Amino acid sequence: MNKDRLKSLLLVILILNSVILTISIWFNEKLWPSGYNFFVTLKNNPVLSVVSKIVPDWLGGEKKIESSFQDIYTPRLLVVKSGSHRTQFLSMDSQFQSLYPEITSALKNLYIPSNMHSSSACEKAEWINALKGKSIYMDFGLPVSTRLYGHFLTGKEGELSSIPAFSKIIISLQSSNDSELVVFVNQNETDSYRKFTLSCNKAALSSMLDSLVMENSPSYKFAFELRLDAINKEDNSNVLRRVTPSSLVILPQQDIAVPNLYARPVLGEKNEATISEILKIFKYNTLAYRKLEDAESNVLYVENFSTLKFTSNNFLEYKAVDSESGLILKNTPDVSLSQQYEIISYATAFVGELWNTLYSGSPNMELRLSSPLIENASGKYTLTFDYYHNGIPIKLMDDSAITLQIENGRLVSYTQSLLTFEKQEGVIEANPVLWAIDEFYKIYSVESGENSDKLITINDVFLRYTHSNGGINANWSIKTDESKTYTIKNN
Amino acid sequence: MKKLISVFVLIAILCTFVSGFAAPQTLSAEYHGNSRGLIVITNPEYQKSNTLEKNYVISGYGNDGVELGFYKLSGGKYVKFSSSLIGASGLFMKQVALSNGKNSIMVVATDRYGNTQTERLEINLLNQRFLSTLKSVAANLMGL
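Here the protein sequences come in this chain order: U and R.
Residues in the first sequence are numbered from 1 upward in steps of one, following the numbering used here.
Residues in the second sequence are numbered from 1001 upward in steps of one, following the numbering used here.
In case anyone wonders, no lab produced these hints; they're calculated from the structure.
Because the structure is a prediction, the values reported are computed rather than measured.
Among the hints, a few may not be true.
Unchecked claim - Below 30 Å or equal to it, Euclidean Cα-Cα: the simulated DSS-like pairs (lysine-lysine) are: (1) K132/U x K1072/R; (2) K1094/R x K479/U; (3) K1094/R x K132/U; (4) K1002/R x K132/U; (5) K156/U x K132/U; (6) K132/U x K1003/R.
Said to hold, decoys possible - Here are the computed distance ranges between Cβ atoms for each label pair: (7) S362/U x G1101/R: 49 to 57 Å; (8) N491/U x N1124/R: 24 to 32 Å; (9) A1029/R x D210/U: 35 to 43 Å; (10) N115/U x G1101/R: 25 to 33 Å.
Even glycine gets a Cβ: it sits at the ideal position worked out from N, Cα and C.
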């Protein structure tokens, strides 16, 4: 090839290169200086949006939703009854994982009008009665938007009449009619209940329940079954009632032993490689950031629009310079339900990507959403997640394990505890639940300083790992009707 | 030596007082307490009840510090099978393994002053076959 041809070829390559780089700068929002938005309209142009789908990474295009984070829509536990036996499955139990797909398949019918035979308000007594027979009780542990849940179940918008959000659902399998399913939904934190009769073949769900509930399964009772929730009208005034559990407080009837755990930093020997992966997830350009170490031995990665910090006390902290500079999770031209569903899905997929990078070697660890799953037309979200081990939550010293703040589809801040919890030898034998309720009352009565005439209602009792400087213990947590949670230390 | 004997006698007397208040291992079928208002039994709701649950839970509430003795009627006497102490919350729950058919159970509550309250319960354990028979009869009747 002669010199002229070579020169021409080189020139063509250079021109093409500059055109491609220019397009990248024009349409990749991360490279825009603050306030520059001329090409926003252009990018949303139908023709160019097709181009952005073909070359997504170059043009900051659409991010795929990871399917692994459908978990945010699963309840924290199932309490099931078959025959005369009632037991509980936590989210990591194999029985839970077998049963839940059948449950979601049945619940889809809530959002299919042609399968809805009837829908009516009902009283608490009917809600409670549904649990006396064969049933599945689902406790999500936080408010869930019925519209978002419908989107999760059916892939499109759907409403559930008169109920904006729920936290508990009961599926009643008492009826002998196999082609009909009765579902009760409790409007979150109210005494408002709704009963739905659906056209649905429940034979598979019913027989799966029979196979999973064994006579020797651990036994649990709701407080209403023991009538500990009701005030006895014929009560002798000499017997002072101090504590009453609310109707759906679950009381285990046997001793509980849980694995003994220890905590260690999740960033171990494969430090640099993992950090490099994390930087990629946060879209840090390896040529553009600066690495610093501050006086407190925290390692900082700083780029134009944000800072990523690995603290010496095992935290990961990301902070954008301002709300318009944060990492784009999803372009948000509007705040329709679909967009909100996608924002939450993208946010949880982002968390999931980090989770997979950091916790792939921790099979018993689980991440669950702990903030309300509610639509927010303002475009601002604060999502929190907690760590779980084998279905039991872990309370960290500094509150939530992960906190994200999102504004208009951008990640503005992100904090994550970089600890992992693993089994060690032995088990922790939890004290009986009644002992915990007794201890709670001792603390409460001293704290409140009132005389013992006041009746306090317990809304929830559950086992939780507590991580503190003294190590990890499994303690009972008791939530009262005064919206306070007491941790009762195991002895 | 005399002092030693006096000490032993004193201890023996004290033990008698203590053991006198502790619920005995057996009680006669006619035994009744001398008080009301120490405990309230919430489950079962009535003195006579039927259940399908082999492991039945007797529950209720009472005054802090009340000792509970659980007895089953056997051979004309009530024989103690379990005991517990009511704590600060006042709640109690006791799981009882029932035999098929009628189970006569007595709960004896004793406070620190020696007052006792007795609650007699008759819990009939039905078997699943009986329930299936009932259900099929009901289904047949509905068919008619």
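How the hints compare with the structure:
Straight-line distance between C-alpha atoms of K132/U and K1072/R comes to about 27 Å, which keeps the hinted pair within the 30 Å bound. Of the supplied pair hints, the one linking K1094/R and K479/U holds, its CA atoms being roughly 23 Å apart against a limit of 30 Å. Only pairs whose Cα atoms come within 30 Å are accepted, and K1094/R paired with K132/U is accepted, the gap being roughly 20 Å. With a C-alpha separation of about 67 Å, the suggested pair K1002/R and K132/U falls outside the 30 Å cut-off, and the hint is violated.
At most 30 Å may separate the alpha-carbon atoms for a hinted pair to count; K156/U and K132/U exceed this at roughly 34 Å. Of the supplied pair hints, the one linking K132/U and K1003/R is violated, its CA atoms being roughly 65 Å apart against a limit of 30 Å. Checking the proposed 49 to 57 Å range against S362/U and G1101/R shows it holds: the Cβ atoms sit about 52 Å from each other. Distance hint check: the CB atoms of N491/U and N1124/R are about 40 Å apart, inconsistent with the given range 24 to 32 Å.
The hint said 35 to 43 Å for the Cβ distance between A1029/R and D210/U, and at roughly 42 Å that hint holds. Taken as a hint, the range 25 to 33 Å is violated for the pair N115/U and G1101/R, whose Cβ atoms sit roughly 45 Å apart.
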